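Chains as they are written, first to last, in my numbering: chain A, 1 to 184; chain B, 1 to 294.
Hints are computed from structural coordinates only; laboratory data are not their basis.
Zero decoy hints are in this set.
Straight-line C-alpha distance at most 30 angstroms; calculated DSBU-like pairs for lysine-lysine:
{"no.": "1", "chain 1": "B", "residue 1": "LYS113", "chain 2": "B", "residue 2": "LYS19"}
{"no.": "2", "chain 1": "B", "residue 1": "LYS277", "chain 2": "B", "residue 2": "LYS197"}
{"no.": "3", "chain 1": "B", "residue 1": "LYS113", "chain 2": "B", "residue 2": "LYS203"}
{"no.": "4", "chain 1": "B", "residue 1": "LYS19", "chain 2": "B", "residue 2": "LYS78"}
{"no.": "5", "chain 1": "B", "residue 1": "LYS115", "chain 2": "B", "residue 2": "LYS19"}
{"no.": "6", "chain 1": "B", "residue 1": "LYS82", "chain 2": "A", "residue 2": "LYS43"}
{"no.": "7", "chain 1": "B", "residue 1": "LYS203", "chain 2": "B", "residue 2": "LYS115"}
{"no.": "8", "chain 1": "A", "residue 1": "LYS150", "chain 2": "A", "residue 2": "LYS124"}
{"no.": "9", "chain 1": "B", "residue 1": "LYS82", "chain 2": "B", "residue 2": "LYS116"}
{"no.": "10", "chain 1": "B", "residue 1": "LYS78", "chain 2": "A", "residue 2": "LYS42"}
{"no.": "11", "chain 1": "B", "residue 1": "LYS116", "chain 2": "B", "residue 2": "LYS19"}
{"no.": "12", "chain 1": "A", "residue 1": "LYS42", "chain 2": "A", "residue 2": "LYS76"}
{"no.": "13", "chain 1": "B", "residue 1": "LYS78", "chain 2": "A", "residue 2": "LYS43"}
{"no.": "14", "chain 1": "B", "residue 1": "LYS78", "chain 2": "A", "residue 2": "LYS41"}
{"no.": "15", "chain 1": "A", "residue 1": "LYS124", "chain 2": "B", "residue 2": "LYS197"}
{"no.": "16", "chain 1": "B", "residue 1": "LYS82", "chain 2": "B", "residue 2": "LYS19"}
{"no.": "17", "chain 1": "A", "residue 1": "LYS76", "chain 2": "B", "residue 2": "LYS78"}
{"no.": "18", "chain 1": "B", "residue 1": "LYS113", "chain 2": "B", "residue 2": "LYS78"}
{"no.": "19", "chain 1": "B", "residue 1": "LYS82", "chain 2": "A", "residue 2": "LYS41"}
{"no.": "20", "chain 1": "B", "residue 1": "LYS78", "chain 2": "B", "residue 2": "LYS115"}
{"no.": "21", "chain 1": "B", "residue 1": "LYS82", "chain 2": "B", "residue 2": "LYS113"}
One-sided and incomplete, this derived list gives chain B residues near chain A with beta-carbon spacing under 10 angstroms:
{"no.": "22", "residue": "PRO41"}
{"no.": "23", "residue": "ASP123"}
{"no.": "24", "residue": "ALA124"}
{"no.": "25", "residue": "TYR126"}
{"no.": "26", "residue": "ALA150"}
Given the structure is predicted, the values throughout are model-derived calculations rather than measurements.
Quick reminder that beta carbons are idealized off the backbone N, C-alpha and C, glycines included.
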Amino acid sequence: MPLFQFLKRKGSNEAVEERADRGFLVFENTSEVIQAENLLKKKGWEIRVMGPPPEIRSGCDLVIEFPLIEELKIIKILQDAGIPPLQAVPVTSPLLQPVDLFQIRDFGRYLMVQAANMKLTVDKESLTIVNISGGGCPDVPYLAEQMVGKLLSEAPSPREIGHTLCGYALQLAYEEMRRRCSQS
Amino acid sequence: MLAVVGTVPDPEFPLLAGKVTLENGNISIQGRSVAVNRGTPALLAAAAKVGEALGQEEPFGYLVGDIGRGEGSQQLYKYLAKHLSQTDFHIIAFHYIQPLIGWHNRILSVIEKMKKRPIFVADAGYMYVAKMSGRANAYDLFTPDVGELAFLADEVAPHPFYTRGFLLHEENHVPDLIARAYAHGNAPQYLLVKGRKDYLANKEGIQAIIDEPMEEAMEAIGGTGDTLTGIVAALSAAGMNIQEAAIVAARTNRLAGTYAHPTPATQVRDIIQYIPKALREILSGKHEEKHEQG
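Can you make the complete structure from the sequences, with help from the hints?
And the structure:
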């Protein structure tokens, strides 16, 4: 392979990897993009407006690039402001979907629900959250501190106090746990 | 000496660097006490317990408050980029921290230029960013659970939240996921996969499987993976090679769990107190070696 081609490829891969912690927010129209851009910039996030990649076939002609790890917090802020995005997707693989597979373990008195890397365990008799495990983002120990020992119905939800994709995975486990416990 | 980098779940906690001791079940750094529930304080408490049992010096901590906003993590990354080159730690374990690729790459570049390269361990958020950056193979050891292993095996997922379903299915065997992670260059020199069975692997394949004693409840207990990382890191700091340290750590962590008679409601601090007893017994050969060779 000619040297310049090798260098070109290396540079391109490095550029892609540098952006692997970024995501795209897709909106219905450009007015929402502008409103979201103003709101997120005002709150101090490093974002930028750009054209969408070809894989994204919904929404308008502009997307917002944002810090992917903080998807949970950013989506909540946009929802609260009445401008929820149509989609939030990773920059490097826009076709990826959030995990939608739950793994369930029944320990008899205790039930554990796992979503992606997060596990939530509840005492089935008292409906108290007894443990949260897994995850690696810094809001996980904080979420555990705020939720463990509280009733499932009274604990703050990860959506309310979490920030990151680990918090988002815990929110999915929490919703699934509530669904299962409301049926029993 | 072992250095541990991570966060504590308190937004007011300042950036502190110093030796970490245990006091009444909490860790203490620069006069500040931190409760041990899970996360980096649990890793440090387990490492300190190993040091205590082996008569080794206390681990050195780099800690900052962060509850997911990333501000504390950025402050810590910046501090490390400035100061790490002046240190001579034998091993550095990076743990709960906001995964930020730009900062990760700067830290890696600092470490790669150090005169004596430390053993380089990553778990939790730092393991995510190491994989995300495409530089997993620059590391000596990752300690994922099975869900995180599926993420390492998924060459396109930027975070475990986006791991593709076909890799998360329970029928996907751990050995296949390990092989896939190495095939795509998303694994370090050694992987210690924690779960119902613990697997030690390298690019040649599985080197050991540790599955005794078995406590089903351990999977639900937050922080039991953090203690495993703390034990293996402290044993490496004491001079064991990674392979031996990983096997002893997995057996010690399991035995400490057994001594705590755990239920899914047990908290990790109730297990940590048994680490010295478990370690002494494993090292004295009281519990026969029962791991399978891969």
